[in-house]
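Chains as they are written, first to last, in this note's numbering: chain P, 1 to 301; chain F, 1 to 247.
For the record, the hints were derived by calculation from the structure and aren't laboratory data.
Keep in mind that this is a model prediction, so the values were computed, not measured.
Everything hinted at is true.
Label-pair distances were calculated between CB atoms; the ranges are:
1) F:Thr175 to P:Arg30: 34 to 42 Å
2) F:Lys133 to P:Leu226: 17 to 25 Å
3) P:Lys254 to F:Asp78: 57 to 65 Å
4) F:Asn17 to P:Thr84: 26 to 34 Å
5) P:Gln150 to F:Asp78: 13 to 21 Å
6) P:Val282 to F:Thr59: 46 to 54 Å
7) P:Val229 to F:Arg109: 29 to 37 Å
All residues carry an ideal CB built from backbone N, CA and C; glycine is no exception.
Now for the letters of each chain:
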Amino acid sequence: MSSFAGDLTFFFFAYLPLMMGAYISILILRFPDLTIEASWCIGGITACSMVSYCHPLLASLFGLFAGAVCGVLTSVIFSFTGRTKLLSGLISYTILEAVGFHLLGSKSSIFLNRSESMFGFSLAGSTPVLIYALWGIVVTLVVCIWQSSQWGIKTRLIGENPGSSLFFKLPISRHFAGALILSNALVGLGGGLWGLYFGHASNMQGIGLVLKAFLALLLGDEMLRLLRVTKRSVPLAAIVGTGLFVLLYQLTEKLQVYVATRVSEQWLKPNDKQFVVALVLVMLLFARRSKIQDRNSVSDW
Amino acid sequence: MKNGDFKKLRCSNLVKNYDEFSLTVNFEVGKSEIFFICGHNGSGKSTLLRLIGGREFKTSGEVTLEKEGGLINERLHDHVTWIPQNVNDVVANSLLVREIIKLSENPERIRELSSSIGASWLYQILKTRREKKKLVRELSGGQKQLLVGLMALVSSGNVLLLDEVFRSLDDSTMTNYWNMVKGVVKSADKCALVVSHDLDFVAQKSSETNARIMVLRRGEIEGIKTIDEWGGVAELATVAAIATGRD
Chain P
1 MSSFAGDLTF FFFAYLPLMM GAYISILILR FPDLTIEASW CIGGITACSM VSYCHPLLAS
61 LFGLFAGAVC GVLTSVIFSF TGRTKLLSGL ISYTILEAVG FHLLGSKSSI FLNRSESMFG
121 FSLAGSTPVL IYALWGIVVT LVVCIWQSSQ WGIKTRLIGE NPGSSLFFKL PISRHFAGAL
181 ILSNALVGLG GGLWGLYFGH ASNMQGIGLV LKAFLALLLG DEMLRLLRVT KRSVPLAAIV
241 GTGLFVLLYQ LTEKLQVYVA TRVSEQWLKP NDKQFVVALV LVMLLFARRS KIQDRNSVSD
301 W
Chain F
1 MKNGDFKKLR CSNLVKNYDE FSLTVNFEVG KSEIFFICGH NGSGKSTLLR LIGGREFKTS
61 GEVTLEKEGG LINERLHDHV TWIPQNVNDV VANSLLVREI IKLSENPERI RELSSSIGAS
121 WLYQILKTRR EKKKLVRELS GGQKQLLVGL MALVSSGNVL LLDEVFRSLD DSTMTNYWNM
181 VKGVVKSADK CALVVSHDLD FVAQKSSETN ARIMVLRRGE IEGIKTIDEW GGVAELATVA
241 AIATGRD
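With these hints in hand, go ahead and build the complete structure from the sequences.
And the structure:
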């Protein structure tokens with residue numbers, strides 16, 4: 001596998017747990033959950049702290065558990081603040097950021113020995129990609145099964161139309177809590193795996209993840225609607241979105257290196273990657289708007 | 001609550017005060033009874049249903065459900081099924097019709113009812129592979145109304161609140177649906193409160209069942225009588241201050 005294709009595959013699977021978690025909060029609950037950024041960091045810090053005492057597989061599960069705890073905090077705040085979505089995520093993020101610094105103690109980040117980093121295997125070759133792929137498949141299956149279960153259908157119903165809770169006699173807070181815990185657990189797992197792979201975890205790794213997740217999910221969702229694959233949000237949107245997002249990121253990176261060496265370093269900067277993704281999203285929205293007039297989508301965001 | 005226990009719904013001195021409007025009612029509806037509520041716009045019909053359905057806080061008074069030998073002490077809104085005027089308030093458009101039905105208390109019964117009511121579109125969705133991916137968004141307003149109505153009929157709630165639900169149905173579906181409401185209310189442990197602007201409809205259906213009609217005017221009860229006691233639809237229209245189709 002070429003290095004470009006290898007990077008593409010690796011980052012696709014590395015981001016997949018994050019995007020699947022964000023899919024639940026953003027596309028299903030319509031909840032711009034800032035906790036995601038904190039769950040990713042806490043998951044990474046927990047997994048990297050635990051890997052000295054246990055197998056990396058178990059350490060990554062600790063990351064998942066830590067993420068779930070972050071989800072519990074957000075859902076408790078959500079219930080107590082009168083179900084204010086943005087505010088709950090913001091408060092939870094603030095609290096968890098402080099918790100992250102406490103977990104790190106006197107250090108600013110955790111660095112692992114290379115031998116402990118990825119399940120005891122060598123970082124060279126395709127083994128890490130396979131492990132990530134396996135996790136990616138497991139996470140995707142979990143989300144697909146959850147989405148079509150009775151619990152998932154009820155959550156999707158309430159997420160789209162909270163007013164339906166009275167007719168169906170569904171407790172809103174309980175369903176939001178379950179979905180937020182699942183969502184953040186997956187993000188925590190993603191953070192844990194990321195930390196274990198790179199052998200490094202800090203409290204700053206999560207910055208900008210909500211934005212990335214938003215862009216990727218809307219990109220996937222819009223693409224599926226444009227191609228008329230589906231008329232509603234499905235987990236495939238997270239898969240397609242992650243793929244497109246990673247592809248655009250990698251291509252922009254290549255382009256940036258090319259432009260920097262051939263033309264000027266001032267033209268394209270590393271931070272322009274997100275700008276390119278946003279630009280493509282706008283183009284997709286424009287294309288869909290001119291093609292299909294009668295559908296609503298989550299891009300109502 | 002066990003089947004056969006429900007006895008009546010009682011609204012005792014129920015008051016809801018707003019800045020420029022006040023609703024005060026006092027009435028009861030017994031088991032197996034269909035009870036019509038009429039009134040002009042802003043007379044308090046929907047507010048009353050929201051109070052009974054637990055969607056609005058009352059200012060004072062009581063809404064109670066009585067069973068043989070006492071009151072039902074469980075949460076009131078667990079026993080009340082409210083179908084609002086706008087069914088988009090209770091469904092999610094991006095769900096499959098099949099998924100929504102899966103959430104019903106008795107999906108199998110909905111299947112049976114859909115064929116007996118003559119709702120072939122619903123029967124197709126439930127029975128054929130071709131239609132199984134149909135989204136709620138793709139249903140017409142009347143189809144959504146009927147879907148929600150069927151789910152309400154098969155629910156275990158003792159009190160059905162039907163807020164203008166017959167308005168968007170075509171004639172034959174409305175007749176079938178009405179017959180089903182009658183059947184369910186008579187045979188099960190239920191009562192139904194039907195809000196309607198359409199006085200011709202109210203007069204016709206209430207005379208079929210000898211149902212009582214409550215007329216609300218500016219938040220107060222003008223009277224609770226059968227259509228014969230009101231003296232016919234013209235008199236009812238005068239009292240309720242609503243124009244009928246014949247005017």
